[in-house]
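Q: For the record, the sequence lines run as chains Y and B.
Note that this note's numbering has the first sequence beginning at 1, numbered continuously upward.
Note that this note's numbering has the second sequence beginning at 518, numbered continuously upward.
It is possible that some hints are incorrect.
Heads up, simulated EDC-like pairs for lysine to aspartate or glutamate below, C-alpha to C-alpha not over 16 Å straight-line [unchecked claim]:
#: 1; chain 1: Y; residue 1: Lys-107; chain 2: Y; residue 2: Asp-214
#: 2; chain 1: Y; residue 1: Lys-465; chain 2: Y; residue 2: Glu-453
#: 3; chain 1: Y; residue 1: Lys-120; chain 2: Y; residue 2: Asp-149
#: 4; chain 1: Y; residue 1: Lys-101; chain 2: Y; residue 2: Asp-115
#: 5; chain 1: Y; residue 1: Lys-130; chain 2: B; residue 2: Glu-561
#: 6; chain 1: Y; residue 1: Lys-130; chain 2: B; residue 2: Asp-584
If you are wondering where the hints come from, they were derived from the structure by calculation, not from laboratory data.
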Amino acid sequence: MQRVTRREFLKVAAATGLGAAGAQAGERLAWAAPPRRGGTLVFATSALPASIEPHLEGADIWQKRKPLVYENLVWIDYALQPQPQLAEAWERKSDTVYVFKVREGVKFHNGKTLDAEDVKYSYERVMDPKTGSGGRGDLVMIKRIDVLDRYTLRFVLSGPSAPFLINLGGKYNGVIPKGSAPTGRELLQRAVGTGPFSVESFQPNQRLVLKRHDQYWQPGVPYLDGITFIAVPDESSIVAGLRTNQIHMADFANTLYYFQVRSVGHLDVIRAPSIRWVVLDLAGDMAPTSHPDVRRAIELALDRQVILQTAGSGLGERLGVLPPAMKGWALAPSRLPNQAPNPDEARALLRRALPGGAGSLTIRTIVGFPELGASLQVIVDQLRAVGLGVRVETVDIGVWIKDFLARRSPPTMNVWGGFVDPDQAFYRHYHTPPDGMDFRRWNNREADRLLDEGRVTLDRASRQKIYAQFQVLMAQDPISIPLYAPDLVYALQKTVKGFRPHPTGFYYGVRYVSLTG
Amino acid sequence: MLVTLLGIAVLVFLLVRLIPGTVVEELLGQGALVTPETLRSLREFFGLDQPLAVQFAHWIARVARGDLGESWRSTRPVLALLASSLPVSAELAVLAIAVALAVGIPVGVLSAARPRSALDGVVRVGSTLALSVPAFWQGTIFILLFSLYLHWMPPLQWVPLGRHPLANLALMALPALTLGTASGAMVARMTRSSMLEALGQDYVRTARAKGVGALRVLGRHALRNALIPVVTVVGVQMGYLLGGIVVVEDVFSLPGAGRLLLDALFQRDYPVVQGTILVLAALFMLVNLGADVLYAVLDPRIRYG
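Please construct the entire structure, taking both the sequences and the accompanying hints into account.
A: This is how it looks when you write it as structure tokens:
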């Protein structure tokens, strides 16, 4: 199956009866044939979360599914733009004041009617340090939230903030009824949201059953009676389940299964660009990568296309800095320095930086992330070819997270994504403390300056220039070396219609799925 | 037994805390804005700011009252989690043992009845192979072969035995076969070896001399004595099965105690890890006690106390 660009997908979607399912508000689905209502979609992945807390559970495996249950004032559409969701409209009164009109007539899953107090409660809960939400950093620009009337809210910011609207639709948020989570334990196993589906039952790590929210505010949707998410740890069993029609749809963590499922005749297979990157993170305060010339040498030693072909089986995009799916922000590799492999220059830089002779470094990888181990094997070979020895250290994810959050990780393989704005991708990760975390200890003042400027510059064209400069800076002094963006890979029975992959990998597109036959 | 369990409790309490990383890091994930205040707040929430001795004292006091605590990730009582997952693992273990005995004993007896024959050779080589094959590989191969060529695979969604026995047994067939293969091989080898020894005894020679038929000699005279060491092997095999259960439940997506333990380990959910290992250890000890009692039933010469 050909890799699908956004343009091609829309053409095929129109031919098979799908429409341009874009923003929820203001757009209607255009179907060649009306979608069939009813049925329960069985959707398999290799894991499910241990809890479904809207503001605390940070695992991607929950975040992907959260848009089906919880909603925000805005949602981020396929063009990565904020669109109305629980907010019907908003007005920017000044650079620091936004007034939102909350949609009337929206019902929570428990029947309560949504109002502005619920919205204020929900965002303030994420902002409260005592809650312990990982999304607090995305809302630090909010000074206060005022309820003006039952359906009107005013957000006052501490300063101009370009990502403010995007961050309101961020993955750690989710509007819940006022007072519904006083201790933090109430919504670990149950959900009360406004989304198109409510949670019927949840078995941690194993099964999540959703049923249609009959009072959903958007008329006519969803089409399904329900969705049953099941966790099947061994993805070869997922392939077998698809083959034997036990599973309607699957999202593969390991893209290699694409080659197995594409040979199964009764399946549709979708590959789509993702906002996700496999990265080699270096350590700015650990020898030898504390030396900028060594970092540059590593970048020049690597052939990222080979890494993609070998470790990623060619299923993705070779990266400069930002994933190409971040349209409007990502600079093409041709516009960045140090992108073409140059082993001779790498050796010269190493001789200058390490006059004592051959250097070596430790690079960490994580158990359970095969793409990282595979990429690292290629990296080890390429670095050895320029005279840099590598010791591979494999650790458990708990160990990795602990050291990473404590800012003491050695050079490491990494894979993450889900950001839709360059501020989300860069600020927290690369800005020095206290405003950011600078997990890799880059300590780059020019980077800080650009990130601070990008955060408060509201004009999009000006922001694009700032983040273009940042990407050039990162390519010149690579504290992180983005390698490739792995494609999203989905397999569906031909009876599943209407699915559209979102670049973040979140299941916005499942809202409009229907089952035929 | 209580002293042993206490020792296991101390060991598992300490060992799980030796693994770097806690539930706090698992919850926050990579990339969260982590202030010292947030970390402190979450560590207090889980009691991780307390000294180890205090944490242990709190936990063991609850265990003494029959309360294994609650999962840190799901807040469900550990006992409730075990109540739903242990029956799955127990059923898998029982079926695996049943497969092992149903295949291993007859094969061992036949092999012993025809020593140094082609059949004996096949059994000996086959049992060595069966012992060598890793369970995860065998399970995956079964799934592949059945789904590819027979267009069938066990249901991926759990069906309790009480709700739909046939569907449940269909679901458990391949996992039980996978888990029972190595045990069956061990049982076959032990049965063969014991039978050969029994068949060489004077009482068997006497029975044959008196005109007792071959089948009766095998089944009534030799087998009963040959089964005594087999009972011991089966008891020991329970330990192997406990380890194999984790792998097989993962491959076949069964919601058993093995998978519960594995998930809890990755998530650093200490109450679930500690409670599950304690309960599994207690069960293992009970099973071996049962094997010892059965030993005495089978062999009147054995008396305890």
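Q: All hints are to be evaluated individually against the structure, with a verdict given for each.
A: Each hint, compared with the structure:
| no. | hint | in the structure |
| --- | --- | --- |
| 1 | Y:Lys-107 with Y:Asp-214 | 10 Å, holds |
| 2 | Y:Lys-465 with Y:Glu-453 | 11 Å, holds |
| 3 | Y:Lys-120 with Y:Asp-149 | 12 Å, holds |
| 4 | Y:Lys-101 with Y:Asp-115 | 10 Å, holds |
| 5 | Y:Lys-130 with B:Glu-561 | 11 Å, holds |
| 6 | Y:Lys-130 with B:Asp-584 | 29 Å, violated |
When the structure is compared with the earlier hints, a violation turns up for hint 6 alone.
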